[in-house]
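Asks: Following the hints, complete the assembly by docking chain B onto the known chain A.
Number of protein chains: 2
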Amino acid sequence: MSENKNCRTIETCFTPVLFPHILTKENFIVIIVDILRATTAICTAFGNGAVEVIPVAKIEETKKYRGLGYKVAGERDGIVINGADFGNSPFNFTKENVNGEKIVITTTNGTQTIEIAKHCDAVVLGAFSNINVLARWLSEKNKNIVILCSGWKNKFNIEDTIFAGALIERLQLLSEYNVNCDSSIAALDLWLLAKNHVLQYVEKASHRHRLKKLGLDDVLEYCFTEDTTSVIPILENGKLVNAL
Amino acid sequence: MSENKNCRTIETCFTPVLFPHILTKENFIVIIVDILRATTAICTAFGNGAVEVIPVAKIEETKKYRGLGYKVAGERDGIVINGADFGNSPFNFTKENVNGEKIVITTTNGTQTIEIAKHCDAVVLGAFSNINVLARWLSEKNKNIVILCSGWKNKFNIEDTIFAGALIERLQLLSEYNVNCDSSIAALDLWLLAKNHVLQYVEKASHRHRLKKLGLDDVLEYCFTEDTTSVIPILENGKLVNAL
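Protein chains in written order, with this note's numbering: chain A, 1 to 244; chain B, 245 to 488.
Hint data in this document are derived by calculation from the structure and do not stem from the laboratory.
Just so you know, not all the hints are guaranteed correct.
To be verified - With a cut-off of at most 20 angstroms between alpha-carbon atoms, the simulated EDC-like pairs for lysine to aspartate or glutamate come out as follows:
1) B:Lys448 x A:Glu140
2) A:Lys204 x B:Glu413
3) B:Lys483 x B:Glu384
4) B:Lys339 x B:Asp471
Unchecked claim - Covered by chain A, per the in silico footprint, the following chain B stretches (three or more residues, Cβ under 8 angstroms):
5) 251–265
6) 394–400
7) 428–437
No residue lacks a Cβ here, since even glycine has one placed at the ideal position from N, Cα and C.
Chain A with its partners taken away, still in its complex shape (with noise of 0.2 angstroms):
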């Protein structure tokens, strides 16, 4: 393990409930990750189009702006909620519907997540469809990385894993990080283990299959296919923009 004090480092949470537990505690960007489906679907609204994205934990909270002109993404285990426009799926932000307007989403993990991160100082989003350009825009800046996934109910998931694995191999190609993190070690072998065939080992994974009951694993291929957008979902006083 080569170290350099000097380095910049890499922290993986494998859920939000290890959150208060990282050993990063300055000058760092939290990248939010929720493959299936959250994150993936933040980053298909902007590249279609979405001028604003508001994450919010709880329905009740989606109410206030439908008034205001926002539309409405809501889902609970898979689900659209009452009074949604659509659910979560990244397929429903389309550019007829999401082109030039503000929408407001809640998620099972995902917006959670997002809540328990939104005291940071630099929040963004992460996700395969802008993994590259993320990794770029990352690697410019002079700051930690702490990754944190938004798991399934506060369990570790493997999608979310994988994602970060493959977010760490981007970074240490591109930048010169210290990667002292057991969870971002496992992370990152978890990945080269997946690569070549990333959707046969995501078969493995329990939401896959949660998702698969529900009707809703359309969405599979696309939410692990790399940079189908240009985007990064960054928070700025609790609502998303695009940070490019």
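Replies: Just chain B, lined up with the frame of chain A:
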């Protein structure tokens, strides 16, 4: 993913802070893991004839047992605590030191983990030291399995995780279990990656380097050696005894 609803399940918990979020709610045995070094040391103690080991979370609690004739083993962050007979290196738990003795022990991570699980119906300790005898014993019980890794100060660690994977590998060889838990799937994959060169793999682990800095890494090879003892430490009324 084949699923038999009558099968016992295996769930893995990467750190104690995730334990309240386990999905297995009944009829389970908790296997506490702290490879470097608490559960390895306690298996060694029983292997060398200790009669009873009381795990306590706080240093102060060791004091009352000293007056009752217990030997005291304890450390924090790898440093032996004041007043202890020895620290938590498995090499301290020799026949000369522990045969016929009662011991009270407090450690940085492992004894805290036992504290968290102590209200569960059945709590046993696992280490590479007792892995195969433990796997056989578990496979003969009609119980679900929850593997509770101690981690390092509530962070995920590699050494406990690959042990979880190694135990899952044995359990699946011996009997039929459902492994629908992403943590267990990841632990097994990391173990399969590590198993043919475990010590080399563990070079990556941050705690291995923490021990090295403290000069406490002489135990490394021993801690990853399988079946050095034929014991199963089990918690009974707050005391660990040998179940065999």
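Asks: Each hint needs a verdict: does it hold in this structure or not?
Replies: Consistency of the hints with the structure:
1. Between B:Lys448 and A:Glu140, the direct Cα distance comes to roughly 27 angstroms. Violation of the 20 angstroms bound is thereby established for this hinted pair.
2. Note on A:Lys204 and B:Glu413: the hinted pairing holds, with a Cα-Cα distance of about 16 angstroms set against a maximum of 20 angstroms.
3. The hinted pair formed by B:Lys483 and B:Glu384 fails the criterion: a straight-line CA distance of about 23 angstroms is larger than 20 angstroms.
4. Between B:Lys339 and B:Asp471 the CA atoms are separated by roughly 17 angstroms; this keeps the pair inside 20 angstroms, and the hint holds.
5. Counting residues of the segment 251–265 of chain B whose CB lies closer than 8 angstroms to any CB of chain A gives 5, so the stated coverage by that chain holds, three being the minimum.
6. Coverage of the segment 394–400 of chain B by chain A holds [criterion: at least 3 residues with CB-CB distance below 8 angstroms; count 5].
7. Evaluation of the coverage hint for the segment 428–437 of chain B: fulfilled, as 5 residues show C-beta separations to chain A shorter than 8 angstroms, against a requirement of three.
Consistency note: the structure conflicts with the earlier hints numbered 1 and 3.
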